[in-house]
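Student: Listed below are the residues making up each chain.
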Amino acid sequence: MTKTILTPNNETLLTRIRKSRAAYFMLAPYFILFTLFTILPVLMAMGVSLTYFDALSLPRFIGWSNYLKLFLEDDLFMKALQNTLVLALVTGPLSYLLCLLFAWIINEFKGWTRALLTLVFYAPSICGQAYLIWNIILTGDRYGFLNGLLMNLGVIQEAILWMQTEKYVLPMLIVVQMWLSLGTGFLAFIAGLQTIDKALYEAAAIDGVKNRWQELWFVTLPAMRPQLMFGAVMQITQSFAIADVSLQLAGNPSVNYAGSTVVTHLLDYGGIRFEMGYASAIATILFLIMIGSNKLVQRLLRGVGE
Amino acid sequence: MMERTAAKRVARVYYPDNPKLNRMMKRGVKNNRKVNRSAAGNGLLFALMGICGIFMVLPLVMIVNNALKPLDEIFQFPPKIFVRNPTLENFADLFILINNSWVPFTRYILNTLIITGGGVLGHVILASLAAYPLAKLTFPGKKPLFRLVVLSLMFSWTVTQIPNYLIISWLRINNTHLALILPACSYGMGLYLMKQFMEQMPNSLMESARLDGATEMRIFWSIIMPNVKPAWLTLAIFQFQSLWGNTGNMFLRDEQIKPLQFAMQQIAAGGAARAGASAAVAFIIAAIPITFFLLAQSKILETMTTSGMKE
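So the protein lines, in turn, are chains A and B.
Using the numbering used here, the first residue of the first sequence is number 7, and each one after it goes up by one.
Using the numbering used here, the first residue of the second sequence is number 55, and each one after it goes up by one.
Treat the hints as calculated values from the structure; they're not laboratory data.
These numbers come from a predicted model, not from an experiment.
All C-beta atoms in this analysis are idealised placements derived from N, C-alpha and C, irrespective of residue type, glycine included.
A few of these clues could be false.
Cβ pair distances, simulated, as ranges [to be verified]:
id : chain 1 : residue 1 : chain 2 : residue 2 : range
1  : B       : P132      : A       : G214      : 51 to 59 Å
2  : B       : V118      : A       : T119      : 15 to 23 Å
3  : B       : N139      : A       : L122      : 57 to 65 Å
4  : A       : L155      : B       : L259      : 54 to 62 Å
5  : B       : D126      : A       : K75       : 23 to 31 Å
6  : B       : I179      : A       : G214      : 35 to 43 Å
7  : B       : Q254      : A       : L156      : 46 to 54 Å
8  : A       : I68       : B       : L202      : 47 to 55 Å
9  : A       : W70       : B       : F136      : 27 to 35 Å
10 : A       : R308      : B       : Q254      : 29 to 37 Å
11 : A       : L306      : B       : F129      : 29 to 37 Å
12 : A       : T119      : B       : P132      : 45 to 53 Å
Incomplete in silico selection of chain B near chain A, CB under 7 Å [as the list claims (entries may be wrong)]:
id : residue
13 : L98
14 : T160
15 : I163
16 : P187
17 : P194
18 : M255
19 : G267
20 : E270
21 : G299
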């Protein structure tokens, strides 16, 4: 489709490379930086994870010890891993479905209502530190909005220390993360729905599609499969990287480590204790989890509507 | 236009064996509505949307109202969401704090302009430049390169932050604005979106220029770039959003080179004594990216239509 320069097959690789000088010239600036700040760091993390390294003296090779220690001795890592999996398995799929659902409903609207609704759902994800407002909502005394509301309604009698009570930390983090999670994937869904040919729906109605649910399943979802795959990548990556929300709302360390995640654990070792080898082992595991779950979901989504 | 005539053509067909379908089609065309919609379904979905919409918008409404509340209302019990006597006192307080800060506040603003400006400009130019050959030229190594970029979307920068810190120290750009600008120039998302958007441009545009003997660089600059305005606007906004939220805590040590976001975070961390000013800060932090998005919404959505992953 994009073949604009004709390259006969009998040319050697070297001639083809020489002929594409212009292309490499244009790629170079970006990919030099990309290599330096994305590829190299991943390889470095993997390498450093096999060493003891305090960022001052030279790294010392210690084999798999960091990984053994992580999985066999570090109970806090297990707690963090468990929290991360809970957060990711709840917020990942849920936010993905909500992105899709809201985009689908918004697609029924036109003009300024459509623009306004898009803004309302998308805005939290771009406001940076604005989620700190949840600190005020979840304040543990009776001045907190949630406590005030629930006490007014008579649901609770005494103020609840939301972020200091172990059993509430994770659910509340999930709520806040959900609020933050309608991001780029959501926009991709809205845009994708916009482009589906209306004639497809009319043809489907003639073929016996009776209601909007069938329409969604048989027409809409298959037609927007590329967007579904893109959105999945966005939501998965984001749901495994939860850290700032936990650090800012639940504190560091959170009560009984109820809000600690793999990333906060990593920051603890890398940023505070300067055990770079150990932190790199954590980073490598997180990297593998993210790539693995992305690949898995991509494979699943390839089957939508086929 | 095309869609409407297609709908009309369908509607004119009479389905004697299926009167419901016939009615549905006619109604759909008359009101320019979609087929297959029921009032009950609409009611259910719009109600669900309304409830969730309130959940989404309420914290934002609180940010706006808190910024306008006089101090006694901020500390009121029971807490009220809406402001009774709106005032700009908080912004005035913030202004006083700003004027008394050790580093002149204009310095923070300048730092933010340098960081976001450099990061946005560098990213848009470098990512577009690299996206053009990936979208429109053939050369050995094209597929693996793009696959690497897609792979980079599948993990977040948190994974690489420790080696990143080491690399930036080795490059001796630690404690300079470049420590934030250079990595930002190479984000994967921008290149990905730009490449997808360029791909759908007709090749005929470039063919004639090529026959006239234009170089690829010239084609890129004078034919491709003017035609992908929505995409570079989108890249610019996304990039701004990610840089705007960055306090630079990891790389910037000197007070004089820190961005506005850092200064505002310091004010917000001032606790109860600065509750008013920090409410004003929260408003400013949220309002600026929202405004940018609002202005560019249609262009961003236009860009996102091509964001899908084909493989």
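Student: Range hint 29 to 37 Å: satisfied by the CB atoms of R308(A) and Q254(B)?
Tutor: At 22 Å between Cβs, range violated.
Student: At the C-beta level, are L306(A) and F129(B) separated by a distance inside 29 to 37 Å?
Tutor: 51 Å, violated
Student: Given a hinted range of 47 to 55 Å, is it respected by the beta-carbon distance of I68(A) and L202(B)?
Tutor: Violated - the Cβ-Cβ distance for I68(A) and L202(B), about 30 Å, lies outside 47 to 55 Å.
Student: Determine whether the Cβ-Cβ distance between D126(B) and K75(A) falls within the hinted range of 23 to 31 Å.
Tutor: For D126(B) and K75(A) the Cβ distance comes to about 54 Å; the hint is violated.
Student: With a cut-off of 7 Å on the beta carbons, see whether T160(B) makes it to chain A.
Tutor: With a minimum Cβ separation of about 21 Å from chain A (threshold 7 Å), the hint on T160(B) is violated.
Student: Double-check G267(B) for me: the hint is only fine if its C-beta lies closer than 7 Å to a C-beta in chain A.
Tutor: 13 Å, violated
Student: Mind checking the hinted window 51 to 59 Å against the Cβ distance between P132(B) and G214(A)?
Tutor: 56 Å, holds
Student: Let me know if the C-beta of M255(B) comes in closer than 7 Å to any C-beta of chain A, holds or violated.
Tutor: Not OK, violated: M255(B) not within 7 Å of chain A, min 10 Å.
Student: Restraint: I163(B) near chain A, CB-CB cut 7 Å. Satisfied or not?
Tutor: Violated: closest Cβ of chain A sits about 16 Å from I163(B), beyond 7 Å.
Student: Does P194(B) pass the interface check with chain A, least Cβ-Cβ distance below 7 Å?
Tutor: Hint holds; P194(B) Cβ to chain A Cβ min 5 Å, cut 7 Å.
Student: I want to verify a distance hint. Is the separation of the beta carbons of I179(B) and G214(A) within 35 to 43 Å?
Tutor: Since the Cβ atoms of I179(B) and G214(A) sit about 52 Å apart, the hinted range of 35 to 43 Å is violated.
Student: CB of Q254(B) to CB of L156(A), is that within 46 to 54 Å?
Tutor: Since Q254(B) and L156(A) have Cβ atoms about 51 Å apart, the given range 46 to 54 Å holds.
In terms of the numbered hints stated before, the structure departs from hints 3, 5, 6, 8, 9, 10, 11, 12, 13, 14, 15, 18, 19, listed from lowest to highest.
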